[in-house]
Amino acid sequence: ILNVEQSPQSLHVQEGDSTNFTCSFPSSNFYALHWYRWETAKSPEALFVMTLNGDEKKKGRISATLNTKEGYSYLYIKGSQPEDSATYLCAFLAGNMLTFGGGTRLMVKP
Amino acid sequence: DAGVIQSPRHEVTEMGQEVTLRCKPISGHDYLFWYRQTMMRGLELLIYFNNNVPIDDSGMPEDRFSAKMPNASFSTLKIQPSEPRDSAVYFCASSGQGLNSPLHFGNGTRLTVT
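Chains as they are written, first to last, in our numbering: chain A, 1 to 110; chain B, 1001 to 1114.
Honestly, the hints are just simulated from the structure, not real lab data.
If you're wondering where the values come from, they're calculated on a predicted model, not measured in any experiment.
Among the hints, a few may not be true.
Said to hold, decoys possible - In the DSBU-like style, the derived pairs of lysine-lysine whose C-alpha atoms are separated by at most 35 Å in a straight line are: (1) 42(A) - 1068(B); (2) 42(A) - 1078(B); (3) 57(A) - 1078(B); (4) 42(A) - 1024(B); (5) 42(A) - 59(A); (6) 42(A) - 57(A); (7) 1024(B) - 59(A); (8) 1024(B) - 58(A).
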């Protein structure tokens, strides 16, 4: 079983704040790192798939960075909005196993 | 494209009954995954298929669980006999180019076994 950890588990921010959270994964046998956004009562939606050390991806106000040598990825949200409230999941691909972390639950207060 | 389609959305059954969950992946996607979501364990992979062939079923909890993919557009996850501890949300997902490409999830089936 691969250890994929996300921190913090939950986060409350005010509308307009920028925030970030972390996904930690084993630094060996790295193939890819996925990020998903999961709103309550819906299904997870893919944000990014990152494969190269130093990768940076951006989608609107959300961006992510990847450090495969030290085994972490950061997800950043600039100027959080209430509609950003969701659980953000990362998933680590090693070989043919994709293992999800426990998620960071973000709540943005208006 | 309609996305990944799962049925039923909700299933309530009594312990000991057989339960069949269904999934239609996105057309053209070669990979299909079955995940289970619980409070305790989060999203855990049960089994996945590539070109209709099961590749990894190490996450299937026990012999009561079985999954099939008879063709590229249909998969089932069967639990027989069901137990209360099987109560969870079961997600099906598909992807087009393997595990380096994003997974597209269905809306899930919420299973309650009483």
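Now the hints, each set against the structure:
1. A threshold of 35 Å between alpha carbons decides the hint, and for residue 42(A) with residue 1068(B) the separation of about 25 Å falls inside it, so the pair holds.
2. Distance restraint check for residue 42(A) and residue 1078(B): the Cα-Cα separation of roughly 23 Å lies within the 35 Å cut-off, and the hinted pair is therefore satisfied.
3. Of the supplied pair hints, the one linking residue 57(A) and residue 1078(B) is violated, its CA atoms being roughly 39 Å apart against a limit of 35 Å.
4. Proposed proximity of residue 42(A) and residue 1024(B) is supported: the alpha carbons are some 17 Å apart, at most 35 Å.
5. Distance check on the hinted pair: residue 42(A) and residue 59(A) sit about 20 Å apart at the alpha-carbon level, within 35 Å; holds.
6. Pair hint residue 42(A) plus residue 57(A) holds up; C-alpha atoms about 24 Å apart against a cutoff of 35 Å.
7. Only pairs whose Cα atoms come within 35 Å are accepted, and residue 1024(B) paired with residue 59(A) is accepted, the gap being roughly 28 Å.
8. Restraint check: the Cα-Cα separation between residue 1024(B) and residue 58(A) comes to about 31 Å, which is no more than 35 Å; the hinted pair holds.
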